[in-house]
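Protein chains: 4
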Amino acid sequence: MSIFEGFLSTPEAIEAFGDAQFVAAMLRFESALARAQARAGLIPEAAAQTIADTCKVDLFDVPQIVRDSGRAGSVAIPLVAKLKENVALFNASAVQHVHFGSTSQDVIDTAMALVSKQGLRLIEADLIRAIDALFTLAEKHAATPILARTLMQPASVTSFGLKCVNWVAPLVRSLLRLRAASSAALAVQLGGAVGTLSTLNGAGAQVVQSMSEELGLAAHSSAWHTQRDQWLALACELALMVGSLGKIGQDIALMGQFEVGELAEPTEAGRGGSTAMPHKRNPVASMTAKAAAQRAPQRLAALLATMPHEHERALGAWQAELAEWPGLMVTAHGSVRAMATALEGLQVFEARMRGNIDNLVAQVPEQTAQEWFSVDLAQNAARITLAQVKELKGLRASYE
Amino acid sequence: MSIFEGFLSTPEAIEAFGDAQFVAAMLRFESALARAQARAGLIPEAAAQTIADTCKVDLFDVPQIVRDSGRAGSVAIPLVAKLKENVALFNASAVQHVHFGSTSQDVIDTAMALVSKQGLRLIEADLIRAIDALFTLAEKHAATPILARTLMQPASVTSFGLKCVNWVAPLVRSLLRLRAASSAALAVQLGGAVGTLSTLNGAGAQVVQSMSEELGLAAHSSAWHTQRDQWLALACELALMVGSLGKIGQDIALMGQFEVGELAEPTEAGRGGSTAMPHKRNPVASMTAKAAAQRAPQRLAALLATMPHEHERALGAWQAELAEWPGLMVTAHGSVRAMATALEGLQVFEARMRGNIDNLVAQVPEQTAQEWFSVDLAQNAARITLAQVKELKGLRASYE
Amino acid sequence: MSIFEGFLSTPEAIEAFGDAQFVAAMLRFESALARAQARAGLIPEAAAQTIADTCKVDLFDVPQIVRDSGRAGSVAIPLVAKLKENVALFNASAVQHVHFGSTSQDVIDTAMALVSKQGLRLIEADLIRAIDALFTLAEKHAATPILARTLMQPASVTSFGLKCVNWVAPLVRSLLRLRAASSAALAVQLGGAVGTLSTLNGAGAQVVQSMSEELGLAAHSSAWHTQRDQWLALACELALMVGSLGKIGQDIALMGQFEVGELAEPTEAGRGGSTAMPHKRNPVASMTAKAAAQRAPQRLAALLATMPHEHERALGAWQAELAEWPGLMVTAHGSVRAMATALEGLQVFEARMRGNIDNLVAQVPEQTAQEWFSVDLAQNAARITLAQVKELKGLRASYE
Amino acid sequence: MSIFEGFLSTPEAIEAFGDAQFVAAMLRFESALARAQARAGLIPEAAAQTIADTCKVDLFDVPQIVRDSGRAGSVAIPLVAKLKENVALFNASAVQHVHFGSTSQDVIDTAMALVSKQGLRLIEADLIRAIDALFTLAEKHAATPILARTLMQPASVTSFGLKCVNWVAPLVRSLLRLRAASSAALAVQLGGAVGTLSTLNGAGAQVVQSMSEELGLAAHSSAWHTQRDQWLALACELALMVGSLGKIGQDIALMGQFEVGELAEPTEAGRGGSTAMPHKRNPVASMTAKAAAQRAPQRLAALLATMPHEHERALGAWQAELAEWPGLMVTAHGSVRAMATALEGLQVFEARMRGNIDNLVAQVPEQTAQEWFSVDLAQNAARITLAQVKELKGLRASYE
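Residue numbers (this note's numbering), protein chains in the order written: chain A, 4 to 403; chain B, 4 to 403; chain C, 4 to 403; chain D, 4 to 403.
One should not assume that every hint holds.
[Unchecked claim] Using 27 Å as the maximum straight-line C-alpha spacing, the simulated BS3-like pairs for lysine-lysine come out as follows: (1) B:K143 x B:K393; (2) D:K143 x D:K393; (3) D:K143 x D:K59; (4) D:K120 x D:K143; (5) B:K283 x A:K85; (6) A:K87 x A:K143; (7) B:K396 x A:K283; (8) B:K59 x B:K283; (9) D:K87 x D:K143; (10) A:K120 x A:K396; (11) C:K283 x D:K143; (12) C:K85 x D:K283; (13) A:K143 x A:K120; (14) A:K143 x A:K396; (15) C:K120 x C:K59; (16) C:K283 x D:K87; (17) B:K87 x A:K283; (18) C:K143 x C:K396; (19) A:K85 x A:K59; (20) C:K87 x D:K85; (21) B:K85 x B:K59; (22) C:K85 x C:K120; (23) B:K396 x A:K87; (24) C:K396 x C:K120.
Honestly, the hints are just simulated from the structure, not real lab data.
Note that this is a predicted model, so its numbers are computed, not measured.
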């Protein structure tokens with residue numbers, strides 16, 4: 004919504020959760036519902052056909068539906084009303100079969116799962132870019148000596164490759180955990196008015212299964228109207244990924260300081276400039292990842308705070324969840340896109356890495372220098388780095 | 004951004020923080036800056052005139068500026084670039100005076116203050132509506148007996164008027180504290196590249212004062228690039244107000260339960276319906292206030308978490324703050340608008356209030372009934388109610 | 004720390020994370036480290052024996068260690084210093100082998116994993132109690148009609164058993180996910196000064212494996228000093244569980260309102276009283292679960308906000324994580340203990356459930372009553388209930 | 004509670020919010036209540052005398068009261084019960100006058116205000132230390148040139164004095180705002196069972212006024228059982244102060260990096276060491292301030308999330324507030340104490356500040372160096388610094 008929200012995100016992610024895409028996803032639900040119900044003999048085939056044919060987003064005035072949702076207290080109400088109007092133009096007898104046996108939450112939750120699936124596709128694609136870039140860096144710099152720093156002070160010597168391993172390992176795990184979490188979270192919602200599917204004559208499971216196949220979503224064995232744990236477990240995974248990316252952005256920003264000078268984000272015309280200072284080149288990818296890591300925990304807290312839904316559908320909690328959810332997704336994509344871009348073109352200044360060690364050695368007692376700051380210590384780090392990259396590549400391969 | 008964000012907010016608030024309004028506010032800054040600098044003799048009068056004439060939002064392609072901001076890492080960069088292009092069309096010699104002595108953060112922070120001023124106007128107008136509605140309810144029902152409930156169980160008897168007093172008192176204080184907080188928070192930002200205004204030849208204070216008068220914002224005695232306490236103190240006030248409104252929404256929702264039946268939100272066609280159940284009338288105003296009260300604390304946490312800006316301008320923290328800020332404002336307006344509407348048309352069912360007491364009395368020992376559940380206890384509450392309303396009206400009057 | 008922190012938690016959980024238990028866990032680490040290093044030939048067997056013999060919490064002045072930690076900036080520093088002093092009393096030559104090759108974070112992270120393991124034992128035991136109590140309730144009340152309520156208004160009829168299914172299903176999944184998350188999270192930490200185990204001559208993996216067996220913790224293939232994703236994924240699971248329990252507490256509190264009267268928490272002398280009102284019986288278990296559900300999301304946010312550790316050990320972020328972690332654990336145990344107790348003795352008032360339906364039916368048009376509020380609708384719910392309980396019992400069994 | 008909570012706080016603050024101090028504060032309430040009621044003629048003078056004489060914390064088994072509070076659901080219940088027992092030993096007829104007309108929330112909220120008053124005394128004392136240390140640094144280094152850095156990259160030249168001004172200005176405002184907020188927040192709570200003081204025969208205001216004088220707390224004109232805005236506005240101020248201190252800690256940590264070397268925290272034996280690396284000297288004060296700044300926003304969010312209290316006393320929300328409150332206070336004291344200590348002994352390395360500028364100048368084009376990195380630019384900063392210090396000292400003086 005805000006100019007700065009978009010700024011820390013990506014155009015693709017914002018579009019994926021935009022009004023038009025959401026209305027289109029709601030229509031995919033209504034179409035799949037009608038077709039599944041026809042297959043189950045619950046509504047006439049012809050009615051289902053008309054409904055499915057009418058579920059085209061171009062036939063709907065999206066901004067009007069959004070405007071009407073405020074008063075109605077639900078975006079599904081104006082959508083279903085308009086769908087019925089449109090269906091009536093073609094087949095008056097089909098109107099009664101629109102949205103049959105379903106309720107607002109069914110269409111909205113399913114639509115959110117559908118647009119989230121697209122959001123996750125974007126996220127995973129960039130996550131893989133970041134991972135592969137880090138594998139390359141880790142291998143190339145497995146033995147490149149660099150100061151290890153603890154509590155913001157020089158501690159000993161490690162290798163830049165091992166730093167990359169510490170960056171990439173959580174991302175590889177995120178990739179695997181995101182897949183597991185989304186396979187449970189991205190599910191058809193269909194419970195009817197209160198979760199009992201009472202009007203479907205016992206054909207509920209069949210309808211859900213059929214919709215699941217058409218929509219490419221999981222089919223749970225019961226409605227999850229008020230059971231938000233699997234859905235929000237996916238949000239947890241996104242927040243964890245954003246935290247791990249934030250650590251990378253944090254380190255790049257620190258190592259990119261003028262006085263440290265060990266890394267720089269890729270140079271590109273128009274990137275990271277300043278209105279006042281022509282000499283500035285700002286690490287905007289790290290900025291994005293750091294900003295996301297400050298925001299995502301609060302988004303997740305807002306989502307989890309809504310969990311105590313009242314009874315069979317919450318007053319306020321569910322709606323707050325819906326409003327917070329896209330923000331987490333687009334923030335996550337902003338972060339992973341930024342880091343993928345930065346890591347693929349990362350400039351590594353080995354001489355400065357070495358120079359910082361040399362400067363330190365010149366200032367500490369000789370014994371300390373020998374024990375803690377010998378560049379030979381990078382060899383230990385190299386062994387770990389290569390073993391870890393091998394192991395992590397195996398994990399990464401299991402994702403394909 | 005999301006369809007549901009808008010849903011829990013208001014069209015006016017969303018517009019106030021929209022891209023077009025923000026770009027317009029940035030242009031107001033650039034225009035005021037140029038004019039103030041001309042008055043101070045820092046730039047030629049003619050240049051200032053051209054710049055001011057060119058600072059019209061219709062001359063700018065807002066979506067393009069937004070798109071370009073991502074790569075630049077700042078929305079000010081494409082704006083200033085485009086402003087220079089536009090100025091060049093009219094007066095090539097004025098280009099060098101565009102944005103003179105200023106930096107991205109100056110224009111962005113000031114623009115955010117300008118749009119926030121409009122946001123606060125909306126919020127205060129609805130806050131006054133809610134307050135006045137509650138004064139009326141409190142006086143009318145000063146002595147209307149109602150069960151007092153503690154820990155969700157009947158405790159004794161109070162009056163509905165006193166409940167209204169407990170609702171309105173925090174709102175009156177919010178009104179006063181919002182004014183105080185915004186008079187400190189809504190200030191011109193002008194520090195130049197690093198907060199020293201080094202290019203303004205000592206005329207910084209004069210320029211800030213002049214801009215302050217033109218823009219209707221406070222003039223601080225130094226730049227607040229990294230001093231975010233006054234700015235975020237305003238955010239704190241908004242979050243407190245949302246919390247107080249959430250308590251009202253919570254109580255209305257509880258008292259509006261079918262089994263309790265003491266209150267109902269106003270009835271209006273198309274309001275609070277259901278796609279599945281024609282008999283439903285949902286308390287959508289309470290929904291909005293409750294949702295806001297779950298979300299605002301997290302927004303505030305996100306804002307406060309950004310406070311440790313690095314050095315003279317933060318990498319990530321400032322940008323995250325900018326992105327979070329409008330969300331808090333629009334959520335706050337959604338909440339106060341919803342409660343103002345609900346309270347102005349609130350349906351009060353005195354008979355049910357009395358009936359719930361009677362039902363309770365029928366179930367407790369006689370002595371308990373006499374000691375704790377006599378309707379005469381409402382008289383104590385009435386005295387407090389009337390005294391409090393008088394005092395609060397005095398406070399409210401001090402706001403005018 | 005605070006009197007009210009304890010109040011919403013349990014004595015067992017508070018003890019599990021108490022100073023004495025933590026110091027004891029740190030000593031278990033030091034003992035296991037020495038023994039593993041002796042087995043690997045890194046230190047003399049006799050030295051390891053002395054160290055292990057000295058690692059008894061009774062030999063340490065716990066409050067003094069806590070006091071000294073403030074100045075040192077680490078609780079490990081005074082512990083290791085005191086351990087060396089104690090070892091010196093028995094075997095001066097063993098002192099140099101104390102804490103060999105290890106660093107503060109190794110001992111602290113491992114100790115936190117050890118005390119968390121005990122915390123999880125407590126949580127899982129009560130979680131199973133809650134689950135089993137809900138299975139019993141679900142089966143008993145599979146067909147007991149009750150109003151289904153959406154957005155805090157009557158919507159239709161469901162069964163109390165299906166409400167119990169919606170409560171228990173997330174808990175069963177939490178049980179399984181907690182086990183998976185803790186098997187990854189509860190791991191030995193051993194990286195030495197900067198994560199390279201450079202002083203262990205390549206025997207690092209062997210030492211970790213050996214410690215893992217002795218301590219009953221996982222052995223990761225590398226140190227996780229700055230890779231906090233698996234550790235915090237466990238925190239996410241706890242927060243999800245607390246959210247699911249909060250929903251139960253929310254519903255019990257609502258259904259236990261005097262005017263609704265469908266449920267009551269178990270009666271017990273001294274439970275839920277009032278200093279002022281002898282007639283009060285407050286639902287204190289629901290209070291605890293609701294309070295936990297408001298607090299846990301913020302704890303999790305605090306934990307996730309720390310993820311961007313700087314370099315090889317964070318300044319502030321790691322320490323904040325350590326301080327927040329136990330709070331989430333004890334809050335989680337408070338919540339699950341409260342709900343287990345409430346659910347095992349839950350009082351179910353079927354007549355009031357029926358009476359509320361009857362009252363509703365008396366107020367709506369006959370057709371609405373027939374379509375939406377027939378008690379026969381509970382039969383659909385019953386079928387789902389029994390199928391779900393069967394499926395969930397299967398899942399539950401897979402945990403044993 | 005946790006060993007690490009204490010670690011990031013101070014012994015004094017932990018003691019101020021400890022069990023014994025809280026029980027003592029509750030007894031101060033009960034004593035003041037009885038004496039005020041005697042003065043108002045509501046209870047016999049002799050009874051009040053006995054009650055007041057018995058309200059000595061040494062007569063109470065504090066751990067037992069804490070243990071009993073869990074089952075009761077309130078810490079006030081076992082306290083009042085025990086107080087009655089103790090009073091009965093001396094004057095049986097006085098027992099009925101113990102806690103007369105009051106309720107749990109009265110004694111607990113007032114006790115929390117009392118212990119918070121002591122907490123604020125600690126905080127303000129250290130805040131003044133930090134402010135005065137910064138005034139001294141700002142004046143001494145008003146013209147000391149230093150690189151100004153934006154988005155973590157060198158931007159231009161400022162003075163170290165102006166950095167200190169940007170640090171101190173928010174602290175001075177915090178000092179003033181804390182005083183204003185606490186004068187409204189630290190108030191007697193007295194509403195009786197449901198906020199109507201129905202048993203005090205209209206003498207409520209007189210009793211509150213009298214207690215206010217004895218306890219040194221404000222007397223509001225009505226109970227604030229459910230009106231938490233003024234109370235939580237104080238929490239907001241604490242969180243803002245912690246954020247401003249976090250910015251100082253952030254900057255000190257960055258400027259204290261080996262490669263930057265412009266500042267160091269004071270050296271002291273045993274401070275900031277390492278179990279593994281004898282050469283380490285860690286900036287533990289900055290660590291504490293940074294950790295606090297990551298935690299406080301979440302504490303505040305937890306507090307604000309509780310605002311929607313239900314009816315006349317919340318189920319869960321109030322109790323969660325009580326549990327979160329002390330954590331924010333002790334964290335705030337930990338942060339301000341750490342920064343006061345660090346700033347009073349801060350080591351400033353002017354030569355390195357100059358050296359970093361020189362290094363930069365050697366790497367940029369000559370024109371950029373002249374325009375942006377001339378050490379003469381520090382003169383602008385010096386003028387602002389001295390004017391600001393003067394203004395801020397005036398503000399600071401208004402606090403005395």
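Each hint, compared with the structure:
no., hint, verdict
1, B:K143 x B:K393, "holds, 13 Å"
2, D:K143 x D:K393, "holds, 13 Å"
3, D:K143 x D:K59, "violated, 51 Å"
4, D:K120 x D:K143, "violated, 35 Å"
5, B:K283 x A:K85, "holds, 20 Å"
6, A:K87 x A:K143, "violated, 61 Å"
7, B:K396 x A:K283, "violated, 55 Å"
8, B:K59 x B:K283, "violated, 49 Å"
9, D:K87 x D:K143, "violated, 61 Å"
10, A:K120 x A:K396, "holds, 25 Å"
11, C:K283 x D:K143, "violated, 65 Å"
12, C:K85 x D:K283, "holds, 20 Å"
13, A:K143 x A:K120, "violated, 35 Å"
14, A:K143 x A:K396, "holds, 15 Å"
15, C:K120 x C:K59, "holds, 20 Å"
16, C:K283 x D:K87, "holds, 20 Å"
17, B:K87 x A:K283, "holds, 20 Å"
18, C:K143 x C:K396, "holds, 15 Å"
19, A:K85 x A:K59, "holds, 12 Å"
20, C:K87 x D:K85, "violated, 47 Å"
21, B:K85 x B:K59, "holds, 12 Å"
22, C:K85 x C:K120, "holds, 26 Å"
23, B:K396 x A:K87, "violated, 50 Å"
24, C:K396 x C:K120, "holds, 25 Å"
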